[in-house]
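> Residues per chain, in single letters:
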Amino acid sequence: MIFSYQFVQNAILAALFAGIISGLMGTLITEKHRIMMTGGIAHASFGGIGLGYLLGIEPMVPALGVAAIVVLIMKRLEDRFSQRADTIMGMLWALGMALGMIFVGMRPGYPPDMTSYLFGDILTISRRDLMLMIFASLSFLLIFSIRFETWKMILFDEEHAKLMGLPVDRYKTIFYLSIALAVIALIKVVGIILTLAILTTPPMTAQLFTKRLLPRILCATGFAWLTIFSGFALSFKIEVPSGAMIIFVSVLLFMILTLAKKMKKSLAKDS
Amino acid sequence: MKILEVNGLHVTRGDKKILENVSFKLKKGEVLGIIGPNGGGKSTLIKAIAGLLPFDAGIIWIGKGEKLGYVPQFATFDDSFPITVREVILSGSPYLSRKKRMEMGEIERAEELIRRYQLSNVSNHPIGALSGGQTQRVLISRALMGNPTILMMDEPTASIDFKTKDQLVQELREKEPEMTIMLVSHDLNVVNQTVDSILCVNRIADYHPGNRLEADNLKKVYGCPIEVILHGEIPHRVLHAHQHGKETEE
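Residue numbers (our numbering), protein chains in the order written: chain S, 1 to 271; chain V, 1 to 250.
Quick caveat, the hints were computed from the structure, so don't treat them as lab data. Misleading hints may appear alongside valid ones.
From the structure, some residues in chain S lie toward chain V, with a derived Cβ separation under 7 Å [unchecked claim]: (1) Glu31; (2) Ser145; (3) Ile146; (4) Glu149; (5) Trp151; (6) Asp157; (7) Glu159; (8) Leu163; (9) Lys211; (10) Arg216; (11) Leu218; (12) Lys269.
Even glycine gets a Cβ: it sits at the ideal position worked out from N, Cα and C.
In isolation and in its complexed conformation, chain S is listed as follows:
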């Protein structure tokens, strides 16, 4: 039985928690328009992965460190020079990738295969990767569910939240560090290059059906589960990389549903 294999069990659990991360964090990232920042963190973290290989330690540990540093730099830049933040993010994006390649190149011996970090492979998820995903998912659920109304207020209108006496800056730091953790937790599932898609496509699909934040998060989680599980099953069946198949299914579903909604609207108009 295929489900008796450890790597398949790990993959199924990873899909479950990846769906939660994508649905919750993806919706918040999309609604706060922090997509460029998320892409930057994902790519910059490659420098940390390369450093992990060079030092002979678990690559996800320095990757998480680099992601946290980059996100804090970005927050500071946003606060001080909002106009330039986007440009500097682009630089950090490329610098992280370059450093990753340099560190891997400096490592003595045969260079390691970085494909699973770049494009993801849900079947290579280890127990340690899984623990990180579980920790990330539970942390996000705890952080955002306890004070959901406060988060909603801050994410919607920071100025008003400040006026209400809320510590907006502290909340923003927690939100940005959560983005870094979400990105690192998802890297082994879909890879650095495709992380952005798994964080944005399910929320965009959910946007077609609901105009409120909580239903949108729940709906996005449902779509993320649907696409991750079906993408994973399809990749297994036709023997293609799982990360790429998950994203393909995800974007395809978004396109089909967008088209269906438009057709329904125009049919309603005609009748």
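With chain S's structure known, arrange chain V on it following the hints.
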């Protein structure tokens, strides 16, 4: 009774002095009209009082137990955010949990404001689906949810037609007679009709008790050229943007 005092307020941005030595006092229930040309520092002044902008020197004294309410000039939020009109209004409540809001009658208060500002038919709509005037009424309702004793409105009538503008300020005075109101407006007609005192702000500020401010007087103090222009249904006077101390030739 004094409720708010600004003394020697200085605000600079980079090398530019936005406000210089601004001082005035407000009494309980007073309605102050804040007028002045664009870029003169009106919005900066009320944002500094609201604690939203830092200031370089001076004292802003707010009486103990007084609560501030603020209606921004432009919506500072992203109107594509998935939130309904009712949720936005409720977010003005000082209580953050749904349970506490229900216990404290905040839900009923929100419903009353929804009715008062004719938002019943859009209360479940996303905020982004509203017109400019409706959005402004939502923002006023949100500010009133906090039961402010001092309400600061930055160009509250910018997106509202003339009849509603007058109605809005008059109604606030009727429904909340105890409330002190600071009303920033470029529209002297609204200010003249509804306020107890006027503060002219153009880097420096000058307080005038009463709601009559003759054009010549204003021109003498600030060099602000004033003219009657046609705007909307009836003619009204506006202040034109100008450098302090210099007249703008129209």
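> Give a verdict on every hint.
Verification of the hints:
no.: 1; hint: Glu31; in the structure: holds, 6 Å
no.: 2; hint: Ser145; in the structure: violated, 12 Å
no.: 3; hint: Ile146; in the structure: violated, 10 Å
no.: 4; hint: Glu149; in the structure: holds, 5 Å
no.: 5; hint: Trp151; in the structure: violated, 10 Å
no.: 6; hint: Asp157; in the structure: holds, 4 Å
no.: 7; hint: Glu159; in the structure: holds, 4 Å
no.: 8; hint: Leu163; in the structure: holds, 5 Å
no.: 9; hint: Lys211; in the structure: holds, 4 Å
no.: 10; hint: Arg216; in the structure: holds, 5 Å
no.: 11; hint: Leu218; in the structure: violated, 12 Å
no.: 12; hint: Lys269; in the structure: violated, 18 Å
Of the hints listed earlier, those the structure fails to meet are numbers 2, 3, 5, 11 and 12, in rising order.
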